[in-house]
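**Q** Each chain, written out:
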Amino acid sequence: MEHRRSKGWGNLKYLILGTLFGMVFVKAEIVSWFRIQEMFRLQSFHMYGVIGSAVVVGMLSVFIIKRFKIKSLSGEPITLQPKQFNKGQIYGGLLFGFGWALTGACPGPLFAQIGTGATVVAVTLLSAIAGTWFYGLIKEKLPH
Amino acid sequence: MRGLLTLLKITSIMFELIRQPWPWYVAGPLIGLTVPALLLLGNKSFGISSSLRHICAACIPANISFFKYDWKKEAWNLFFVAGILVGGVVAAHFLANPNPVQVHPKLANELASYGVDNYNQLVPIQLMNWTSLFTLKGFLLMVFGGFLVGFGTRYAGGCTSGHAIMGLSNLQWPSLVATICFMVGGFIMANLLLPIILSL
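As you go down the protein sequences, you meet chains L and A in turn.
-3 is the number of the first residue of the first sequence in the numbering used here; add one for each residue after it.
278 is the number of the first residue of the second sequence in the numbering used here; add one for each residue after it.
The hints are simulated quantities; they were obtained by calculation from the structure and are not laboratory data.
Just so we're clear, the structure is a prediction, and the values are computed from it rather than from any experiment.
Treat the hints with caution; some may be incorrect.
Claimed, not checked - With a straight-line cut-off of 25 Å between C-alpha atoms, the simulated DMTMM-like cross-links for lysine to aspartate or glutamate are:
id, chain 1, residue 1, chain 2, residue 2
1, A, K321, A, E293
2, L, K67, A, E387
3, A, K350, L, E72
4, A, K414, A, E387
5, L, K135, A, D347
6, A, K349, L, E72
7, L, K62, A, E351
8, L, K135, A, E351
9, L, K9, A, D347
10, A, K321, A, E351
11, A, K321, L, E72
12, L, K9, A, E351
13, A, K383, A, D394
14, L, K67, L, E136
15, A, K321, A, D347
16, A, K383, L, E72
17, L, K83, L, E136
18, L, K83, L, E72
Claimed, not checked - For the chain A half of the interface with chain L, some residues (derived, Cβ under 8 Å), not all of them:
id, residue
19, A314
20, S326
21, Y346
22, W348
23, S390
24, Y391
25, G392
26, L425
27, M460
A virtual CB, placed ideally from N, CA and C, is assigned to each residue, including glycine.
Construct the complete structure from the given sequences, taking the supplied hints into account.
**A** Below, the structure written as structure tokens:
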């Protein structure tokens, strides 16, 4: 029981981090369909600046963590899984790109858009879950 | 007394500032910091689209091997996306920008030709609402688009967070391939196919 409770609190920190993250998403209009359209029409630097600077900060952080072998708060060594290449990154990547431009959202922003009161996006999210489920169903038949 | 007034004034100026749309050089680094925050908090790799897989595994595994794993071990990811939703509520209710979304004049012109001219929300409410859901245009934008997001991200093994941010941060070249394909797909859709869909 005690263990279960500590596990529950353990997940609460991700809820808080997610909340902060969602606020940035909304305040920087990353979840805006309009900003995504501007990005794909090369009409605004905003999204490129957001993603680019996020990658630079992420890269520096990962470099520092690896270089100094920094451990997690609970003392675990930090492990990073390498990404294996397969053709899915090409086919799936293109298909996700189509969906990104249609919905104006990647998976994270879908949750944030619903939070801002765009309730109909819950249908988009359910459809994304259905898409993921369909991938699981036909995975073996797809080229990878 | 004067000190208190100054403090109030500073607070109110800061609140006004925070209600404006945040520039990329504030938002981008904050998003980038999510990578070390998750690694340090619990040795977790940043990635959002996995949450969709965990929801499938939890709710509709249907004996599909891709969904047969202990999703409860990945529950942190579901707490994280629930947080994103809460963050959306907080930002929209307490920090909402009182002005309409500013868009590039060229985009505004193009959208006006499809009858889209309401910029009061972050999503185009004239295209995305419960009534338009049952039109072909709305179906393609929301249902078909959502399906492609879920299918494509899982097929690619990640989305903007898992590949473009986490993968590139860890110098993974397959993530660069995926990110380029995300962008190519988006360019094709936004410039070549979306105009046809929006004129339906």
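**Q** Indicate, hint by hint, whether the structure satisfies it.
**A** Here is what the structure says about each hint:
no., hint, in the structure
1, A:K321 to A:E293, "violated (35 Å)"
2, L:K67 to A:E387, "violated (51 Å)"
3, A:K350 to L:E72, "holds (16 Å)"
4, A:K414 to A:E387, "holds (17 Å)"
5, L:K135 to A:D347, "holds (19 Å)"
6, A:K349 to L:E72, "holds (20 Å)"
7, L:K62 to A:E351, "holds (23 Å)"
8, L:K135 to A:E351, "holds (21 Å)"
9, L:K9 to A:D347, "holds (21 Å)"
10, A:K321 to A:E351, "holds (9 Å)"
11, A:K321 to L:E72, "holds (11 Å)"
12, L:K9 to A:E351, "holds (14 Å)"
13, A:K383 to A:D394, "holds (13 Å)"
14, L:K67 to L:E136, "violated (38 Å)"
15, A:K321 to A:D347, "holds (16 Å)"
16, A:K383 to L:E72, "violated (51 Å)"
17, L:K83 to L:E136, "holds (13 Å)"
18, L:K83 to L:E72, "violated (33 Å)"
19, A314, "holds (6 Å)"
20, S326, "holds (4 Å)"
21, Y346, "violated (11 Å)"
22, W348, "violated (12 Å)"
23, S390, "violated (14 Å)"
24, Y391, "violated (12 Å)"
25, G392, "violated (15 Å)"
26, L425, "holds (3 Å)"
27, M460, "holds (6 Å)"
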